[in-house]
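**Q** Listed here are the chains, written in short residue letters.
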Amino acid sequence: MMNTTWIILGASSAMARATARALAEQGAGLLLAGRDAGELALIAADCRLRGARMAEAVAFDARDPSTFAPLLARAAAEEGELNAAVFTGSMPPQAEIDSNPALIGGVLADNFAGPAEFLHMLAPMLEARGGGCIVGVGSVAGDRGRLGNYAYGAAKAAFHTYLSGLRNRLARAGAHVVTVKPGFVDTAMTWGLPGMFLVAPPEAVARAILRAVRKRRNVIYTPFFWRWIMAIIRLVPEPVFKKLKI
Amino acid sequence: MIWKTAEYSGWGRALKVTGEIARPERRADLLALPPAPAFGLRRSYGDAPTNGAGRAIDMTRLDRLISFDPATGLLEAEAGVRIGDLAALFAPKGWLPAVMPGTGFATIGGCIAQDVHGKNHHNAGSFAQHVTRLTLLMQGELVEVAAGTPLFRATAGGLGQTGVIVSATVQMVPCKGAAMMVTERRAENWEEHLAYLDASTATHTVGWIDGTAKGASLGRGIVEEGESSAGLVKDHVPVATVPMNAPHFALSAPIVRAFNEVYYRRVPARGRTTVKPVGAFFFPLDKILEWNRLYGRRGFHQFQCVVPLASAPALREMLEEIAGSGLCSPLAVLKRMGPGRAGYLSFPMEGYTLAIDFPNRDAARALIRRLEGRTVEAGGRLYFAKDSLAEGTAMRAMYPELPEWRDEVRRADPNGDMITDLVRRLGLRSAA
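As they're listed, the protein sequences go chains W and E. Using the working numbering, the first residue of the first sequence is number 161, and each one after it goes up by one. Using the working numbering, the first residue of the second sequence is number 4, and each one after it goes up by one.
To be clear, the hints were calculated from the coordinates, so they are not data collected in a lab. Bear in mind the structure is a predicted one, so any value in this text is a computation, not a measurement. We treat Cβ as the ideally placed atom computed from N, Cα and C, and that holds for glycine. There could be a bad hint or two in this list.
[What the hints assert, rightly or not] Once the Cα atoms are required to be at most 35 Å apart in a straight line, the calculated DSBU-like pairs of lysine-lysine come out as: (1) W:K375 - E:K96; (2) E:K19 - E:K96; (3) W:K405 - E:K7; (4) E:K96 - W:K405; (5) E:K237 - W:K402; (6) E:K19 - E:K290; (7) W:K375 - E:K237; (8) E:K179 - E:K7; (9) E:K7 - E:K19; (10) W:K375 - E:K290; (11) E:K279 - E:K290; (12) W:K403 - E:K179; (13) E:K179 - E:K237; (14) E:K279 - W:K375; (15) E:K96 - E:K217.
[As the list claims (entries may be wrong)] Label-pair restraints from in silico Cβ distances: (16) W:I389 - E:A369: 48 to 58 Å; (17) E:K96 - W:P397: 55 to 65 Å; (18) W:R223 - E:T75: 52 to 62 Å; (19) E:P246 - W:A391: 22 to 32 Å; (20) W:I389 - E:E293: 18 to 28 Å; (21) W:P361 - E:Y266: 24 to 34 Å; (22) E:K290 - W:E185: 20 to 30 Å; (23) W:E185 - E:I291: 22 to 32 Å.
Assemble the whole structure, with the sequences as input and the hints as a guide.
**A** Shown next as structure tokens:
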């Protein structure tokens, strides 16, 4: 791990912090990218004290592509294996989207368009170095459009499809892409929401991500049982599904 | 959502409340919240961490290390950092927190707000005596508080009433490594037990007491002494989680008696010295996650008092009453404390402290009330971190610096925004 660098997009989210901390304990270098500079500086200091070879806060905004090139330039300056983990995302309540459909643009930008554009700029660097790994955090919500959050789910589905294609492309160069589909995770996004069950701590998701990277898994559900829950939900025929409220 | 309505409690689970909880994930989220009392991992047993009448702030996600200076050993960290994580991270580098309580799941914020002590209290004093400064969120503003100031003395052991502890700088002390050299000796009775504690010259000394032993064996137990050590030891990681509430007989008298007998005999009559991981010595119960479920749905109480050295005979009488009751659990601790304390409401006084768990039953509550009366008569005091049953007048009388604390708290929180269930129950902030 001493010679690896991870770009963490959306680094102040709970899952990103847990993952960054786990990577820090292995001695990785970290570029912590996001919008809240003060918060990222705190996270960077924490990661350094926990063993990171290097940890820096870097500005990144999924809705502002002008922030992408400086981050890539900073990453290019690091020698050795280059990796990226994407945790950016947003989920406004579906009811807010229903009353203000213009919000969909932002949901797409945060969950799909911004990260995809950035990864598309990063991909040639991984190809040139002949290795590295990209972790994309999607969601079980992307597996099927549901009444409660289908705008968010659609953006995540787009991201899943993009990651699948990117995996196909990067595999030829010896680099790898892991798609992570978390179920309910104990973060600010799910705090106080009704109907939450089997909520996983962010540290468990971080452990699952690192294991998936090590074993070069393609698509993981975390916790693992969501694979079976979503398999069943996908199997429900559309004539039945459209009447369900899940 | 910012506020989540949930049922929650302290570690003893006997006093459950339903209230609104915010859990800020970022520093800015915390600063944007309206004032409310804060809690960490809720390892206080009673109602110190709860505010059933209103709102509370969960600080566990604000758990970053901020800086460490290997030249001085000064560590700055956010309030949500766990003591056990500090020990695990820093012991291999040759540093430990100067004072560590009996569970590594206590947070820095909680350790300050209760001014906790550890097995080295007779040498090192209390936790907040090793805090050089802290940052307090007071009436919406971040305030730097230096050790020794009246505001610091009202915050150390101050039950969160001066504001939300956001971060603190603590003095770490050098250690030899991630291991502890531990000597265990059987003490056959009360007199021998106290004699071992009095004569101990070790850095860390604590006695486990068999609260079921009566007659000639009254007060028997194991005296543990620990010194920092280098060496190769396994990591101290949890091995199991108690999956659900245990049935009420899980800790009934015959089972506790049998357990204690085995636990006592496990140490050979001549004693023994072993090398253990740091965590195994300081936080033995952290091996079993959620062990409070062993006491079942109704929860449990811990009685902890400290009495002056001269009142040892009164403490012996308390133990006699406990042993006669058949209500004791395996968890019972006897320790000689030094005078060290950092705040107006800090628990420690020079003397002997006894801590014992009881399942939450009518008979146990009545016993604890009688023990509280005996504590008053012995000139001792009860511990806010453990209490859930005491009566306000008696408890307030145990803390002679309460008026100084009140004055500071009135300035720091004039609107009473930080009041918790414990403070309300004991009337700590109302004029006497």
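**Q** With reference to the structure, classify each hint as holding or not holding.
**A** Hint check:
1. W:K375 - E:K96: Measuring from Cα to Cα gives roughly 31 Å; hence the hint holds.
2. E:K19 - E:K96: violated (41 Å)
3. W:K405 - E:K7: Within the cut-off at roughly 23 Å; holds.
4. E:K96 - W:K405: violated (54 Å)
5. E:K237 - W:K402: violated (54 Å)
6. E:K19 - E:K290: holds (25 Å)
7. W:K375 - E:K237: Since the Cα atoms of K375 (chain W) and K237 (chain E) sit roughly 26 Å apart, the hinted pair holds (cutoff 35 Å).
8. E:K179 - E:K7: Roughly 44 Å between the alpha carbons, so the hint for K179 (chain E) and K7 (chain E) is violated.
9. E:K7 - E:K19: Holds: K7 (chain E) and K19 (chain E) sit about 16 Å apart, inside 35 Å.
10. W:K375 - E:K290: Judged against 35 Å, a Cα distance of about 29 Å means the pair holds.
11. E:K279 - E:K290: holds (13 Å)
12. W:K403 - E:K179: With a Cα-Cα distance of about 66 Å, the restraint between K403 (chain W) and K179 (chain E) is violated, given a limit of 35 Å.
13. E:K179 - E:K237: At roughly 16 Å apart (the allowed maximum being 35 Å), K237 (chain E) and K179 (chain E) satisfy the hint.
14. E:K279 - W:K375: Measuring from Cα to Cα gives roughly 34 Å; hence the hint holds.
15. E:K96 - E:K217: Measuring from Cα to Cα gives roughly 45 Å; hence the hint is violated.
16. W:I389 - E:A369: 48 to 58 Å: holds (50 Å)
17. E:K96 - W:P397: 55 to 65 Å: Roughly 59 Å apart at Cβ, these two residues keep to the hinted range, so it holds.
18. W:R223 - E:T75: 52 to 62 Å: violated (44 Å)
19. E:P246 - W:A391: 22 to 32 Å: Holds, at about 27 Å.
20. W:I389 - E:E293: 18 to 28 Å: holds (25 Å)
21. W:P361 - E:Y266: 24 to 34 Å: holds (32 Å)
22. E:K290 - W:E185: 20 to 30 Å: holds (21 Å)
23. W:E185 - E:I291: 22 to 32 Å: Roughly 24 Å apart at Cβ, these two residues keep to the hinted range, so it holds.
Going through the hint list in order, the structure does not satisfy hints 2, 4, 5, 8, 12, 15 and 18.
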